[in-house]
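Fit chains F and A with the ligand to the given chain B structure using the hints.
Protein chains in written order, with my numbering: chain B, 1 to 479; chain F, 1 to 216; chain A, 1 to 259.
Rather than coming from a laboratory, the hints here were simulated on the basis of the structure.
A portion of the hints provided could be inaccurate.
A partial selection of chain A residues facing chain B, derived with a Cβ cut-off under 10 angstroms [to be verified]:
hint: 1; residue: Cys24
hint: 2; residue: Tyr50
hint: 3; residue: Asp53
hint: 4; residue: Arg71
One-sided excerpt, in silico: chain F residues whose CB lies under 7 angstroms from chain B [what the hints assert, rightly or not]:
hint: 5; residue: Ile11
hint: 6; residue: Pro19
hint: 7; residue: Leu98
hint: 8; residue: Phe101
hint: 9; residue: Ser136
hint: 10; residue: Gln139
hint: 11; residue: Leu147
hint: 12; residue: Leu155
hint: 13; residue: Gln166
hint: 14; residue: Ala175
hint: 15; residue: Ser180
hint: 16; residue: Phe184
hint: 17; residue: Thr191
Keep in mind the model is a prediction, meaning the values are calculated, not measured.
The beta-carbon is built from N, C-alpha and C at its ideal position, and this holds for glycine as well.
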Amino acid sequence: MNRPANPPMPINFHANVRRVVANPVLRASFRGAMDFLTAKRATQFPDANAFETLRAQGEQIRQYALSRLPDLLEQLETNLTRNGIQVHWAQTPDEACRLIIDIASRAGGGLVVKGKSMVSEEIELNHALEAAGISALESDMGEYIVQLAGEKPSHIIMPAIHKTKEEIARLFADKVPGVEYTNSVDELIQIGRRVLRDKFRDTRVGLSGVNVAVAETGTLCLVENEGNGRMCTTVPDVHIAITGIEKVVEKLEHVPPLMTLLTRSATGQAITTYFNWISSPRRDGEMDGPKEVHLVLLDNGRSTAYADERLRATLQCIRCGACMNHCPVYARVGGHAYGTTYPGPIGKIVSPHMLGLEATRDLVTASSLCGACGEVCPVKIPIPDLLLQLRQQSQGHSKAPQLPGAGSGHKTLQSIAYRLFAGLYSRPALYRIFGLLATRLRAFSPNQQGAWTRSRVPLRPAGHSLHERMKSRNGAKVK
Amino acid sequence: MTPPSVARERILSRLRAAPQIVMTAPAVLTSPAEQSPETMLEQFRRGIEAFHAEVIDARERTWPIVLAEICATKRIATLMLPPVGMVNLQPWLDGPRLSRFDRPIETLKTELFDATNASLTIADGAIADTGTLIQSDPQRMPRTLSLVPPIHICLLDVRHLYPSLQSAVAATRWAEAMPSNLIFITGPSKTADIQQTMAYGAHGPRELVVLLTEDL
Amino acid sequence: MSVALNEVRSYPAKPGDVYLFGTCVLDLFDPDAGVSAASLLENSNISVHYPQDQTCCGQPAYTSGFPDAARQVAARQLHLFAENWPIVVPSGSCAGMMRHHWPRLFEDDPALGPLAASIAARVFELTEFLLHVVKATWPQTGANERVVLHTSCTARREMGTHLSARALLAQIPNVELVLQDHETECCGFGGAFSVKHPEISAAMASDKIEAIEATGAATMISADGGCLLNLNGTLEKRGSTLRGQHIASYLWQHAKDAA
Ligand code: SF4
Numbered sequence: 001m002n003r004p005a006n007p008p009m010p011i012n013f014h015a016n017v018r019r020v021v022a023n024p025v026l027r028a029s030f031r032g033a034m035d036f037l038t039a040k041r042a043t044q045f046p047d048a049n050a051f052e053t054l055r056a057q058g059e060q061i062r063q064y065a066l067s068r069l070p071d072l073l074e075q076l077e078t079n080l081t082r083n084g085i086q087v088h089w090a091q092t093p094d095e096a097c098r099l100i101i102d103i104a105s106r107a108g109g110g111l112v113v114k115g116k117s118m119v120s121e122e123i124e125l126n127h128a129l130e131a132a133g134i135s136a137l138e139s140d141m142g143e144y145i146v147q148l149a150g151e152k153p154s155h156i157i158m159p160a161i162h163k164t165k166e167e168i169a170r171l172f173a174d175k176v177p178g179v180e181y182t183n184s185v186d187e188l189i190q191i192g193r194r195v196l197r198d199k200f201r202d203t204r205v206g207l208s209g210v211n212v213a214v215a216e217t218g219t220l221c222l223v224e225n226e227g228n229g230r231m232c233t234t235v236p237d238v239h240i241a242i243t244g245i246e247k248v249v250e251k252l253e254h255v256p257p258l259m260t261l262l263t264r265s266a267t268g269q270a271i272t273t274y275f276n277w278i279s280s281p282r283r284d285g286e287m288d289g290p291k292e293v294h295l296v297l298l299d300n301g302r303s304t305a306y307a308d309e310r311l312r313a314t315l316q317c318i319r320c321g322a323c324m325n326h327c328p329v330y331a332r333v334g335g336h337a338y339g340t341t342y343p344g345p346i347g348k349i350v351s352p353h354m355l356g357l358e359a360t361r362d363l364v365t366a367s368s369l370c371g372a373c374g375e376v377c378p379v380k381i382p383i384p385d386l387l388l389q390l391r392q393q394s395q396g397h398s399k400a401p402q403l404p405g406a407g408s409g410h411k412t413l414q415s416i417a418y419r420l421f422a423g424l425y426s427r428p429a430l431y432r433i434f435g436l437l438a439t440r441l442r443a444f445s446p447n448q449q450g451a452w453t454r455s456r457v458p459l460r461p462a463g464h465s466l467h468e469r470m471k472s473r474n475g476a477k478v479k
Numbered sequence: 001m002t003p004p005s006v007a008r009e010r011i012l013s014r015l016r017a018a019p020q021i022v023m024t025a026p027a028v029l030t031s032p033a034e035q036s037p038e039t040m041l042e043q044f045r046r047g048i049e050a051f052h053a054e055v056i057d058a059r060e061r062t063w064p065i066v067l068a069e070i071c072a073t074k075r076i077a078t079l080m081l082p083p084v085g086m087v088n089l090q091p092w093l094d095g096p097r098l099s100r101f102d103r104p105i106e107t108l109k110t111e112l113f114d115a116t117n118a119s120l121t122i123a124d125g126a127i128a129d130t131g132t133l134i135q136s137d138p139q140r141m142p143r144t145l146s147l148v149p150p151i152h153i154c155l156l157d158v159r160h161l162y163p164s165l166q167s168a169v170a171a172t173r174w175a176e177a178m179p180s181n182l183i184f185i186t187g188p189s190k191t192a193d194i195q196q197t198m199a200y201g202a203h204g205p206r207e208l209v210v211l212l213t214e215d216l
Numbered sequence: 001m002s003v004a005l006n007e008v009r010s011y012p013a014k015p016g017d018v019y020l021f022g023t024c025v026l027d028l029f030d031p032d033a034g035v036s037a038a039s040l041l042e043n044s045n046i047s048v049h050y051p052q053d054q055t056c057c058g059q060p061a062y063t064s065g066f067p068d069a070a071r072q073v074a075a076r077q078l079h080l081f082a083e084n085w086p087i088v089v090p091s092g093s094c095a096g097m098m099r100h101h102w103p104r105l106f107e108d109d110p111a112l113g114p115l116a117a118s119i120a121a122r123v124f125e126l127t128e129f130l131l132h133v134v135k136a137t138w139p140q141t142g143a144n145e146r147v148v149l150h151t152s153c154t155a156r157r158e159m160g161t162h163l164s165a166r167a168l169l170a171q172i173p174n175v176e177l178v179l180q181d182h183e184t185e186c187c188g189f190g191g192a193f194s195v196k197h198p199e200i201s202a203a204m205a206s207d208k209i210e211a212i213e214a215t216g217a218a219t220m221i222s223a224d225g226g227c228l229l230n231l232n233g234t235l236e237k238r239g240s241t242l243r244g245q246h247i248a249s250y251l252w253q254h255a256k257d258a259a
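With the rest of the complex left out, here is chain B (with noise of 0.2 angstroms):
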């Protein structure tokens, strides 16, 4: 496959840091859009109260549905079918790409227009078509975007996020055949619309993502603001739909609530411009609508988080990204130093059950545990409990069903480190003497303290501890 020279991948996280970290120019754009996101969000959940009971709902939804996964993609898969809607399923991301390669060939496009679709990329199906002689081409303005840069989304709602819009009108003008430097925004949406438009209206296969599926009625739901999404799934002779096996729910009225939750957490939006619900392709009688529709679910890992009780959790999740705008390592940093699909908190903790811990071992550490991202998740996964469960893993201390890399993250000498800490804080006397000794050669503490003297002084401990000046006023008190 035709992959790029030098991915940002997750186990060079430390590396992408550093050159992140360094560009004030960069850190200040993440921090301006993060802000501007979470300012958004606030606005539609006045009422924190109202907001604890919404998203109990989402979450008794979301848990629910999964409870039943099995039996319901099955009532999906029926039901879809009946409805003229045909569904493949796909274990892995070379089983899907294969899949939708075919359906693709079959169709006769030379050429796939994409609505915007995180699966896609999880799969990294552009570059699987491509290799099959098939374009790809993105239609979210912030996908087009970014395909154009030859990069990867950098967020999974606002993909371009990481762009300023010089940068954008630089290349435009560089890109897009007879474009000048503009920047104006209005003007440079209007050449990414008359660039699409034609696509819409001459290519043969469009894909999409799925926010959300419905068993009872075999329904696809997809929410999106720019119209992108409808021209995909409407325009073209097929459409091909792709998600993961998780994002099912059992009844109609079970969306609502859920959708409610995601265009507020994502963007601030009571509702998104287009709320579209495909049951089937183009009946008789119809004068427009796909001919056929295809449905891909994608495992990819999920039923591996599935054994797991607690990591189940993580497919609850409605793909929102209040998370990662919440999180302030992701201001920090931004969304391609994690190197993968999904960044920010919800990569963190999906990542590992689909790239293995040990490609993942750095992002599970990447957290100071601060807990803001459970604190919005607008279906309650608690992503902190989440990490420490992974951290364990990582560690080969878990006695949760085994990810692929479990125990990679062990280190001999930190493991050490912990047993003396655990030999040595669980021997009060034996602490209490390297608390005297510690105190009384505090002149001698080191200078250099690894990682911690890099931005900080040295740690030196006070004079006497705590636990001798106590024993000295024993029972005495002030008055």
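Just chains F and A with the ligand, lined up with the frame of chain B:
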């Protein structure tokens, strides 16, 4: 590559082998209390206007006259109508050239994409709390008619308002018989993908005009 | 860690005795804060008992993915609180560990599980205890003072200590509390995070410090020793004259000034 049927069996059997967690179904979700039609209309108007749509109340007048005025101010030269079911507008509209979406899109693409300024559709109802139009019958209202032309004019009978999406789901028979495509529209097409700056007319209409009527 | 976001806690009447769990950070790096906490309690006629065999709540190992090491350390603390007295902890994150994570750590242990649960129910963070149980009053002293408060994230989200600390400070007549920009954001400490991801941690700390300095407040306080190690270490390295003070030290100073 494993055959697709094998993939299906393997995925389902992995899921079935996982620990079972038994949960009760989420309680039927409550809809907001009944509201007066005036309140709902007011809410609808405020909601969709916040999403940059223009709302024109044509209840006191003959709506085709109001439509003619809109076509004149917006210099609409070509207006596409749904396949059937609209009163004959020719006598009212002397400005724009009228066409109908009365053939399959395959033979209509050039006209629809490249030679139509505006479209006229009828909403099947609307949702008050978000300010959302509902189009639920692709046979009467082709999907692309509300999407492709740069200006979308939508007629809404104000008697067909639901308090919320949840109440619309409960009040309709969608759950038993889904239309092939159900579309909820809240404002013209937009994007904030360039530096969080809002721009309208991304891929769909740049303008959405809602004409309120009572006699459809 | 999103354990008890909306916990509504009921508080006991003021007791005659409490245990003080000083935390490993204060023990070695800021014993003044621990002594001040004891003094504040004693000043309200509460006898403070400091078990000499205490060491650490086990959090460093726990958050790094070493539950066995954390259990080994925590298990030694469980026997230190034999009397049914409240256990006061001058750190929200350690209190959160003891209150919410000890019961989980020992949930499969038939002997220690119930003990951990009963101890958890008696754990109080210092400001929470002063506000709701001691109900201390704070007399007017000297000139008005602008104070900026930093709350540790686990303390905020597991124990709600930003609220109790703010309420306490609001009771002091001459203290004006100012909030820094991005007040709820993490300072970048996070235990081992600060050395495993030093660049990110440093970036968070410097943003936090800039926000604090921008308030113009001359006094910065926090109820968490960990955050203070991080922030003060960074402030000193930057050559700033501002230093954060533990809220116990600040309050005790205030009580002494008033006397
Ligand atoms: S984990 Fe929660 S907050 Fe993050 S994207 Fe998923 S649903 Fe949204």
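Comparing the hints with the structure gives:
Taking 10 angstroms as the C-beta contact cut-off toward chain B, the hint placing Cys24 (chain A) at the interface holds, the least distance being around 7 angstroms. For Tyr50 (chain A), the shortest C-beta to C-beta distance to chain B is roughly 4 angstroms, which falls under 10 angstroms, so the interface hint holds. Because the beta carbon of Asp53 (chain A) sits about 4 angstroms from the nearest beta carbon in chain B, less than 10 angstroms, this interface hint is met. At a threshold of 10 angstroms, the smallest CB-CB gap from Arg71 (chain A) to chain B is about 9 angstroms, leaving the interface hint in force.
Below 7 angstroms, beta-carbon pairs count as interface contacts, and Ile11 (chain F) has one with chain B at about 5 angstroms; its hint therefore holds. Annotation: interface hint on Pro19 (chain F) holds; nearest CB of chain B at approximately 5 angstroms, less than 7 angstroms. Checking Leu98 (chain F) against chain B by beta carbon gives a least distance of about 17 angstroms; that is not within 7 angstroms, so the hint is violated. Interface hint at Phe101 (chain F): satisfied, since its Cβ lies 6 angstroms from the closest Cβ of chain B, which is below the 7 angstroms cut-off.
Residue-level restraint check for Ser136 (chain F) is violated (minimum Cβ-Cβ distance to chain B is 9 angstroms; threshold 7 angstroms). At a threshold of 7 angstroms, the smallest CB-CB gap from Gln139 (chain F) to chain B is about 5 angstroms, leaving the interface hint in force. This hint holds: Leu147 (chain F) has a C-beta 5 angstroms from the nearest C-beta of chain B, less than the 7 angstroms allowed. For Leu155 (chain F), the shortest C-beta to C-beta distance to chain B is roughly 19 angstroms, which exceeds 7 angstroms, and the interface hint is violated.
Hint on Gln166 (chain F) holds. Least Cβ distance to chain B is approximately 4 angstroms, under the 7 angstroms limit. Annotation: interface hint on Ala175 (chain F) holds; nearest CB of chain B at approximately 5 angstroms, less than 7 angstroms. With a cut of 7 angstroms, the hint placing Ser180 (chain F) at the interface with chain B holds, because the nearest CB-to-CB distance is about 4 angstroms. Satisfaction of the interface hint for Phe184 (chain F) is found here, the shortest Cβ-Cβ separation to chain B being roughly 4 angstroms, below the 7 angstroms cut-off.
For Thr191 (chain F), the suggested interface contact is upheld, since its CB lies about 5 angstroms from the closest CB of chain B, less than 7 angstroms.
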